[in-house]
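**Student:** What follows is each chain in one-letter form.
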Amino acid sequence: MNYKMMGRFLAMITLLDAIFMVPSLVIAVVEEDARAMFGFGWTILLTSVASGVVLLLCRKARVRFYAREGMISVGLGWIIMSLIGALPFWISREIPHYLDAFFETVSGFTTTGASILTNVEGLGDSMLYWRSFTHWIGGMGVLVFLLAVVPASGKGSGFTMHLLRAESPGPNVGKLVPRMRQTAMILYILYIILTVLDVIFLLFGGMSALEAVCTAFGTAGTGGFGVKNDSIAGYSPYIQNVCTVFMLLFGVNFSCYYMLILGRFREVFRDEELRFYLGMIVGSIALIALNVRGMFSSWGETLRHVAFQVATIITTTGFATTNFDLWPTFSKTILIILMFCGACAGSTGGGFKCGRVLLLFKSLNRNVQKTLNPQKIKVVRNNGHMISEKVLDNLHIYLIAYVFLLLVSIFIVSLDGQSLTTTTTSVIACFNNIGPGFDAVGPVENYHMFSPLAKLVLIFDMLAGRLEIFPILLLCARSTWKKLI
Amino acid sequence: MKIVIAGAGKVGVMLTKKLLAEGYEITLIDHTQQVLDACADRFDVIGVYGNCASMNTLLEADIKKTDLLIAVAGEDEINLLCCMTAHGINPNIHTIARIRNPEYADQLYQMRDTFALSLIVNPERQAAMEIERLLKYPGFLRRDTFAKGRVEIVELKVMENSVLCDAALSSLSDLIKCKILVCAVRRGSVVYAPDGNFVMEKGDHLYVTAASGELTKLLKNLGVITHKVKRVIICGGGKVGFYLAYRLSKTGTQVELIEQRRERCIELANYLPEVSVVNGDASNQMFLESEGIEQCDALVALTSFDEMNMIISLYAQSYQVEQVITKIDHTDNPTIQDILGLGSLVNPKELCCNQIVRYVRAMGNTSGAALAVHSFAEGQMEALEFRLDDEALHCGEPLRDLTLRKNVLIACITRHGRPVIPDGNASFEKDDTVVIVTRADIVLRQFNDIFA
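Protein chains in written order, with this note's numbering: chain A, 3 to 487; chain B, 70 to 521.
Since the hints were derived computationally from the structure, they do not count as laboratory data. Computed from a predicted structure; not experimentally measured. Note that beta-carbon positions come from the ideal geometry of N, C-alpha and C, so glycine has one too. Errors might be hidden in some of the hints.
To be verified - Chain A side only, calculated, beta carbon under 7 angstroms to chain B, not exhaustive:
1. Lys-177
2. Arg-181
3. Met-182
4. Asn-385
5. Gly-386
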């Protein structure tokens, strides 16, 4: 394995991490928050020096970079990035235990939004900003950012595809344009434009600048860290509706937006995954609204809350405007189904992804037909293109790994002795990068009461969920670290 | 500039590699998903699955916004149809098609005009021409010509008993009594840009720039016998073999063409009445002996297997055949070829790629672009030919006052048709043709890029 090249890569990621902390440091300095200044200052200093040393040591790296190195770099990169991102919370003593700080940061970068903080409003502005900013970075992916800003050297241009594939969600990751770097840039430009629009709309609703920016970051990354203890519930209906719309927008595959810009409306309109996603949303809103109609004063209010809750769960954001833990079981079940389903592939959302669910249905349908008529040849098609058997195989393996990890995690977390609902939904919510579950981890509760072991398992789940299992699972495999394959 | 390459075969992949290094945006089309996936993993390109001649596939490859289409799929007809369809969708597109069927060889120019192609490449025919040029001067492993054939860069191997062995470069002009310039030396797989103190060793490959007129003199003074090649054995009656036999027989050379398949032999005998076509297995020692390998001046190994070609060549060398030329299709193992000491190697696919890259560069910028590009020394070095126009900098200044980029060497200046190997007093003038030698990783888009 090419350790020097990996070292270089990881050092670049940590350096980027330090650069991302600069705005938080500036906020801390402006607000004369000594503890935060201390936390960010030391972290930035230590990280830059360490990355500099590693970069220097690894400067003569061979450029050869294969799938193996790519996958491992992505997995390790995310862990190291979170370890460093947790330092400001810990050094400033805002979060006294390092594991808690790590949990909070992983939850940020993986856009989960599960928090161990009982009083969010007690944090300083710079800390709140950093917490939300991790969502924004994690949403589109830090490596995609790296690909967009770091010029790919002519010799090693091949390795970039492995990285994009490892970090971008979806069963069939492709490029928008031939050049990797331009693809990454287009993605980030779209991301920035949508985020800025969101900020503007929120500012119109009377939010303060910091609140608007933090909420927009949480929405854009489909993360869910709020700046208030009651999430979005305390804000005006207008702001809640803005959030609903933008959450749903960020849950759409970004290549759809690119095609809209290119004027290929028909393709976007005919996109099967988008139709499935919208269908799920409309159907769920209708069913839940009928089910909970008595709990709110008017139909308007019902629709607003239901739409918000459906959007926040299907896009795996995790904001809340009402305590949906109190809803009837039928509605809660729909929400749990939405938790698994997740947003579109190629969006910032998590979960199993609509695209995958759709392909699974098609694959199932095919095999049913094959069982009835063994001679029948049928291919699985998506948007008029044949899906290769390799992709389908990977999809089935992904499902197996997904279910298996989910069960093992629930098994370990159950040692904590929480209720069955708490145990299962906490794992489901972390694995699908949502944040709130039901019962003791419901929308108005949080994760502080879990034992360190359970927290570690949930951290693993969040990372595995965000990176689509394999980059993280690989790190645990013995064959990964063997010299010969 | 956006380029679509249709066909991800050997040429397609080699082109992708070369053009990517020059910074173009590349879309690959192929009808095998596996091949496409492998390419997308190795290179920074986008892959489109489908038949490259179908309009839908081309539209998916964004042909409307593409500047150049290179059709190098398996079949000639598909390539043609692909270019025509693309032209129908986007009239401004440049198209390059690979046409390799010998039956079309005589109508290439008409086809180019009829189907509005920008360029037709025929790797096998090009390889045959290259081999023919090599046969003219036995002793050179390779020849690249510049300035309308007036200047050449030739590859020489230093033999054990040669006067060059253990001589310093500074004594070179005394030894061979003609004006040449050694622009690169390859020892093993390491390429040196030598200065006067460089001492040549046995087994070194020298890359020498010389005026074409000096070549005979150079060979004579080096002690290499240079009588005309009169009798050639060609092993393998494929496309290259056919073209080569045809061209050689036109110049009055006695050609013997060995081919294994009987039907193909009859075909060849019909097309090439002056050539003696023999049906037999060229890898068979006894057979080659009976065909008179000892009496031939040159042997060209052109079967479709690289390994077979290498063995035939080694065998020919053991019979002291003066010139042995080997066709190689895979470029992945240059080390083996070097250990075996095979002599001249010809790679049709690489020749074809170089021609296309030359066209792309010329297309990229019309002013000051290189007229010719040749890569040599296992692709580590490049020689480029420029014609100086009004925009050329530093005209009239002596070369010793100019600062050039690192690893850039001015190999030759041709003025009014007279090639000169420049020294510090020479200078550039408008309308000169200049040959520049550089390391292959330095991309010179225009002449002025050579200045630091």
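**Student:** Each hint needs a verdict: does it hold in this structure or not?
**Tutor:** Structure-based check of all given hints:
1. Lys-177: This interface hint holds because 5 angstroms falls under the 7 angstroms limit.
2. Arg-181: Holds. Min distance 5 angstroms.
3. Met-182: With Cβ-Cβ at 5 angstroms, under 7 angstroms, it holds.
4. Asn-385: violated, 12 angstroms
5. Gly-386: violated, 10 angstroms
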